[in-house]
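Protein chains: 2
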Amino acid sequence: MSTTYRVSGMTCGGCARAVSQAIAEAAPMATVQVDLDRQAVTVDGADEAQVKAAIDAAGFGFEGRV
Amino acid sequence: MSTTYRVSGMTCGGCARAVSQAIAEAAPMATVQVDLDRQAVTVDGADEAQVKAAIDAAGFGFEGRV
Numbered sequence: 001m002s003t004t005y006r007v008s009g010m011t012c013g014g015c016a017r018a019v020s021q022a023i024a025e026a027a028p029m030a031t032v033q034v035d036l037d038r039q040a041v042t043v044d045g046a047d048e049a050q051v052k053a054a055i056d057a058a059g060f061g062f063e064g065r066v
Numbered sequence: 001m002s003t004t005y006r007v008s009g010m011t012c013g014g015c016a017r018a019v020s021q022a023i024a025e026a027a028p029m030a031t032v033q034v035d036l037d038r039q040a041v042t043v044d045g046a047d048e049a050q051v052k053a054a055i056d057a058a059g060f061g062f063e064g065r066v
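Chains as they are written, first to last, in this note's numbering: chain A, 1 to 66; chain B, 1 to 66.
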């Protein structure tokens, strides 16, 4: 089951990659899709606490579920 | 003593923050300055292996010392 979160501070492809990598490092089995236009990240295979911790540590803003 | 590294893939302030945070997490005592125009990161208080690992894990390209 995938969950979509609002993530602030992503403005380019480098940001999107950084967020994806941070989540992948925290939860290696997760699949991650980043939608820059919507400032949204859809994650399958990681729980919300893992996603929040990874995004916070990467310097972006975890804004909860969409 | 600070060392400056070339880092590819940083295109905006979000990328710069992501790189800074990644290095800070790997080496909490380090100070980090990012120069987007030069695609350079200057680090004091972390060794090169730590910096490389952090940048790789964050999804950017570690290109060695400037």
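Keep in mind that the hints were calculated from the coordinates and are not lab data. Incorrect hints may have been included.
Simulated pairs of lysine to aspartate or glutamate, DMTMM-like, Cα-Cα distance not exceeding 20 Å [as the list claims (entries may be wrong)]:
no.: 1; chain 1: A; residue 1: 52; chain 2: B; residue 2: 44
no.: 2; chain 1: A; residue 1: 52; chain 2: A; residue 2: 35
no.: 3; chain 1: A; residue 1: 52; chain 2: A; residue 2: 25
no.: 4; chain 1: B; residue 1: 52; chain 2: B; residue 2: 63
no.: 5; chain 1: B; residue 1: 52; chain 2: A; residue 2: 25
Here the structure is a predicted model, which means the values were calculated and not measured.
Check the hint pairing residue 52 (chain A) with residue 44 (chain B) against an upper bound of 20 Å on the C-alpha distance.
violated (28 Å)
| query | Within 20 Å, alpha carbon to alpha carbon, are residue 52 (chain B) and residue 25 (chain A)? | reply | holds (15 Å)
message = Tell me if the straight-line CA distance from residue 52 (chain B) to residue 63 (chain B) falls inside 20 Å.
response = Within the cut-off at roughly 9 Å; holds.
inquiry  = Against the 20 Å threshold, does the CA-CA distance of residue 52 (chain A) and residue 25 (chain A) hold or violate the hint?
reply    = This hinted pair holds, its Cα atoms lying about 13 Å apart.
Has the given pair, residue 52 (chain A) with residue 35 (chain A), been kept, meaning a C-alpha gap of at most 20 Å?
The hint holds at about 17 Å.
Taken one by one, the earlier hints fail for this structure only at number 1.
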